[in-house]
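Following the hints, complete the assembly by docking chain B onto the known chain A.
Protein chains in written order, with our numbering: chain A, 26 to 348; chain B, 433 to 667.
FYI, nobody ran anything at the bench for these hints, they're computed from the structure. Ideal Cβ placement from N, Cα and C applies to all residues, glycine included. Keep in mind that the hints are not guaranteed to be accurate.
To be verified - Examples of chain B residues toward chain A, derived with CB under 8 Å:
# : residue
1 : Thr462
2 : Asn502
3 : Ala524
4 : His526
5 : Gly585
6 : Val644
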Amino acid sequence: MIELLAVSGPTTVQDLGRLGQYRFGVGTAGAMDDVALRAGNLLNGNSEDAAGIEIAIAPLRLRFLAETQFALTGGDAEALLGDRPLLPWWRVTARTGDVLTVRRITRGALVYLTVAGGIDVPPVLGSRSTQLRGEFGGLEGRVLRAGDRLPVGAPPARAILLDFGIEPPEFALARPLDRAEATVLRVVAAGEYHAFDMAARSLFWSTAWKVTPQSNRYGYRLEGSPVLPREPIEKRSHGIVPGVIQIPPSGQPIIQVRDAQTSGGYPKIGTVIEADLWRLGQARLGSSLRFAEASYDEALAARDAVEAYMGRLAATIARYREY
Amino acid sequence: MQSTISDNGWHAGTPPEMAERPHISLLATTAVLFEAPGAFDLAQQQRIWALARRIATWEGVSEAVPGMTNLLVLFARPPRAIDRFLALLEEAWHAAQASPLEGREVALPVTYGGEVGNSLADVSAHCGLSVDDVVSLHSAPLYTVFALGSHPGYCYLGGMDPRLAVPRRKVPLQRIPAGAVSIGGAQTGVSASPGPSGWHTIGHTDWCFFDVDRPIPAALAPGDRIRFAVERVVR
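If we strip away everything but chain A, and leave its shape as in the complex, we get (with noise of 0.2 Å):
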């Protein structure tokens, strides 16, 4: 059992997402940064699907109500178990009782607590991520607040006693694109994409894209110059998934996330392939993105990368698993 002492922002359950009820206008939510919430899970014995928190601002505080085996992935954070300082990336014990505080984010936006054994809340409909809208899932279907009490399960059966660590996947997935200044997204061009005039298409690649502070879980809204089609576009009403970049009348796009409504209208001029969804995930609010255009062949090859670097993490820490 793990208690909330001080939560100062949106944080909440997620596992992988919730799959196969679109058709009951269920949307995924799950892990912005799916590939911290599965390394953390890989490091704790879990499987890569387990539940963990999603922590989106800083401070926070929690109590460990019994001996657990944690990590914290996904950006890098100040954080303490009691007065012992944390690396991120790194799997370790804590005991009945210590208090493991996260003061600051200081790189990436978002920070995933596992747990050996994962958050235990019930699985609703396949799957313990929190539904906002829906009000179901992770914990009451809301976000966390202080003294809540959440459940962790049973440890794996041959748990590692090591503490160790792995290597990020900004390093493990670096690519020749990365830029210092903004992050950088591959996007396949998407159903309106020839909607955009030549003009518009170069302004939308090129463009140094501002995440605005009205972006949460549901969508990022983008600033930048209007990237507008050639005449105005109304859709009639189709599903649409995370990673979708609406062009809405103000030319300023939104990228559709985690929590967005399973479908929409706007135009889409291109979607982030799923492979760079945890690079949106950790793009903080007032930093820059920039898209890189990528065929549907490039986009599962990187798709394969990412797949490739979990399949090495699971190889060495089941080396661990001998000690």
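Frame of chain A, contents of chain B only:
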């Protein structure tokens, strides 16, 4: 039952490139969107339902989700040869036959006007109809559930009288309650849970659209039909 819906609201209009062939587009490797050519009517929607049933059984597909004369095909495993997949999808559309679904019919008790339905007077003024006429035009049709989407349990309905069309709000409301019966453009619908909305709320129902404890959480499915039963009109 054939109902032709002239939707000139938010999601309306047929882009010229959709006039004849279906429009098939990628949502990266997550999904493919299939948009049927031609009219926005029940027959076209029935073909979409047939296509959805067929595609949902395909290897590597996790769901095939109808929208308004379109279909979102979500991948469990994205196909390696996407061109071949898209060609098969188009073939399947040409083979799909419009067939009515044996849906159920439900009556939803609605209180028109009042605190929740506080745009009833605005809608009446905008349409140049009396409040009684708005209520009787809105409660007359047997609406067809065309698709589910937006939020859990929400139904896109076909069949509203075009005389009730009202442009959407320029500035959406932050929150309207579950059960709000609203008009947006040439469409009407009922919010299944509280949330933001750019539509005009003319009434309220206590009917429950979504319950995670039911074996099938959404109360209605495409092909079901609903009628709004006037419980009360609050002026």
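Margin query: Take the shortest C-beta to C-beta distance between asparagine 502 of chain B and chain A; is it under 8 Å?
Written below: holds (4 Å)
Note to self: Restraint: histidine 526 of chain B near chain A, CB-CB cut 8 Å. Satisfied or not?
What the structure shows: violated (20 Å)
Next item on the list: So, threonine 462 of chain B near chain A? Judge it on the closest CB pair being under 8 Å.
Entry: holds (4 Å)
Next item on the list: Closer than 8 Å between Cβ atoms is the bar; does glycine 585 of chain B clear it against chain A? Give me holds or violated.
Entry: holds (6 Å)
Next item on the list: Grab the minimum C-beta distance from alanine 524 of chain B to chain A and call the hint holds if it beats 8 Å, violated otherwise.
Entry: violated (17 Å)
Check: Do the numbers back the hint for valine 644 of chain B, that is, is its least Cβ distance to chain A under 8 Å?
Finding: Check passed: Cβ of valine 644 of chain B comes within 5 Å of chain A, closer than 8 Å.
Checked against the numbered hints given earlier, the structure breaks hints 3, 4 and satisfies all the rest.
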